[in-house]
Amino acid sequence: MITGKTLILGRYAPRDSRVHSLDPRTKMIALCFLMGLTFLIRRADLLILYTVPVLLIYPLSGLSARLAFGSIRPFMWLLLFTVFLHGFLTEGRILFSLPLVRAGFTLEGLMNGLFYGFRIILLIVTANLLTLTTSPMALTDGIEKLLKPFQRFGIPAHELAMMMSISMRFIPILLEESERIQRAQMSRGARFDGGLIRKLKAMIPILIPLFVSTFRKANDLALAMDARCYRGGESRTHFQILRFGRADGWACAAVLMLVCVVLFLQYNVLHAGGNISPEPF
Amino acid sequence: MNKPCLSISHRILWAGAAVALTAIGGFIRIPFVPVPLTLQTCAVYLSGAILGARTALMSQTVFLLLGLSGAPVFTLGGGPGYVLQPTFGYLASFPLAAGLIGLRVGKRLPAPDVRSLLAAFIPGMGVIHLCGVLVLYLNLKYIAGHPVSWAAAAWSGSLVLLPGELIKMAAAAMLTVRILPRLQGFMTSGTGG
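As you go down the protein sequences, you meet chains Z and D in turn. Note that the first sequence covers residues 1 to 281 in this note's numbering. Note that the second sequence covers residues 1001 to 1193 in this note's numbering.
Among these hints, one or two may not hold up.
Simulated restraints, written as ranges between beta carbons of each label pair [claimed, not checked]:
| id | chain 1 | residue 1 | chain 2 | residue 2 | range |
| --- | --- | --- | --- | --- | --- |
| 1 | D | Trp1150 | Z | Arg243 | 42 to 52 Å |
| 2 | D | Tyr1142 | Z | Ser187 | 51 to 61 Å |
| 3 | D | Lys1141 | Z | Pro53 | 44 to 54 Å |
| 4 | Z | Gly70 | D | Val1160 | 29 to 39 Å |
Heads up, incomplete: computed chain D residues facing chain Z, CB under 10 Å, no partners named [as the list claims (entries may be wrong)]:
| id | residue |
| --- | --- |
| 5 | Ala1017 |
| 6 | Ile1028 |
| 7 | Ser1059 |
| 8 | Gly1079 |
| 9 | Gly1081 |
| 10 | Val1083 |
| 11 | Leu1166 |
| 12 | Ile1167 |
No lab work stands behind these hints, which were simulated from the structure alone. We put the beta carbon where it would ideally sit given N, CA and C, even for glycine.
Sequences are here, hints too, so could you generate the full structure?
Now the structure itself:
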């Protein structure tokens, strides 16, 4: 009943590339810009043009096409839903129609659906770059540093980052623990079949020991940290110090330039009128 | 439970444990037609009830950050692209819901009964469904590019799931009542600072 045995935390693909060695903060901010830009693009030709520089980052980081497109599968339903909804609900030239519901799949709808579907794929591929090129630890560090300025507004940056790294360690331990408890209860005659209510009832002898043992483990670890005089983030040093280097500057400049060029092409004067209607075609 | 004598390490560790339990809750699936039940929201209710408002809010924020930074703790994996999923609204509301539950349960500690727990969980569930429907609506309108009516979003995003959700909520309340006394023994032992 408990799945996820082969859980690998994060999908980091370690390589020796310039993109990997960038500061995680640079990558996070660049990602925000690139994803925001994808939302602003309303013309199909521009979207295809914009795909080229984004996809170029993959070979630059030494990542394969399989890695780039591998994570689209969870979004398959959203993509199919998008294309079909547009196809059937947009008015226009009918390509084929369903006999029972009298709905027609139109050419215009297909085009609209493909535009939005393509945009979703591009967003996913862009978002993946961050997790593929940055280790979970570096990400945690980056998040802590990015949140630091907000500390004066009561956001506990260090605590959040520490909780993140601790829960990352906890998850595999707890998975193992829950399987052990499950086997232990089965050896005592616990059964996990039957109707819904019985199945839910069968979870109780697993969940109670799991929760109690988890909080006991957490408590032990907290006592151990107290014993070593852990005092939170103040004057704590880091094993790896994040530095905003020259490469980060170049990366930021490149992203900013890309944003400017795309926005210029979208709303420009050369393209008479600058089509900003939501219809891509 | 969120006593002032708690040291920072206790707060961090318990919140970390709650994050891990929320992730594990997502892996525990009870096959059920049409959608399998997961115990993720169950863990959100529990963390709100056990940790107190502030720590619960932080722990669920961390859960969100963890999933967005690529750990496969959400139902369909994880990663920053997850904000595009139509179901992201439910996840995004977890911190709010847990905080709200913590706020309402906090007054009843150390020994809340099932009724007062349910009274705290119901607004929590309300927040989760409200955010869920809102994001579903916005997602279909702006990301999939096809607006649906609010009624359709509310029907498929909330009302269909309600029976299963109510069962889980009742289960979470019964679990909390049985777990809290077992935790009390050692949860007060943190005195550092």
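Right, here's what the structure says about each hint:
| no. | hint | verdict |
| --- | --- | --- |
| 1 | D:Trp1150 x Z:Arg243: 42 to 52 Å | 49 Å, holds |
| 2 | D:Tyr1142 x Z:Ser187: 51 to 61 Å | 52 Å, holds |
| 3 | D:Lys1141 x Z:Pro53: 44 to 54 Å | 28 Å, violated |
| 4 | Z:Gly70 x D:Val1160: 29 to 39 Å | 31 Å, holds |
| 5 | Ala1017 | 4 Å, holds |
| 6 | Ile1028 | 5 Å, holds |
| 7 | Ser1059 | 7 Å, holds |
| 8 | Gly1079 | 5 Å, holds |
| 9 | Gly1081 | 4 Å, holds |
| 10 | Val1083 | 8 Å, holds |
| 11 | Leu1166 | 12 Å, violated |
| 12 | Ile1167 | 7 Å, holds |
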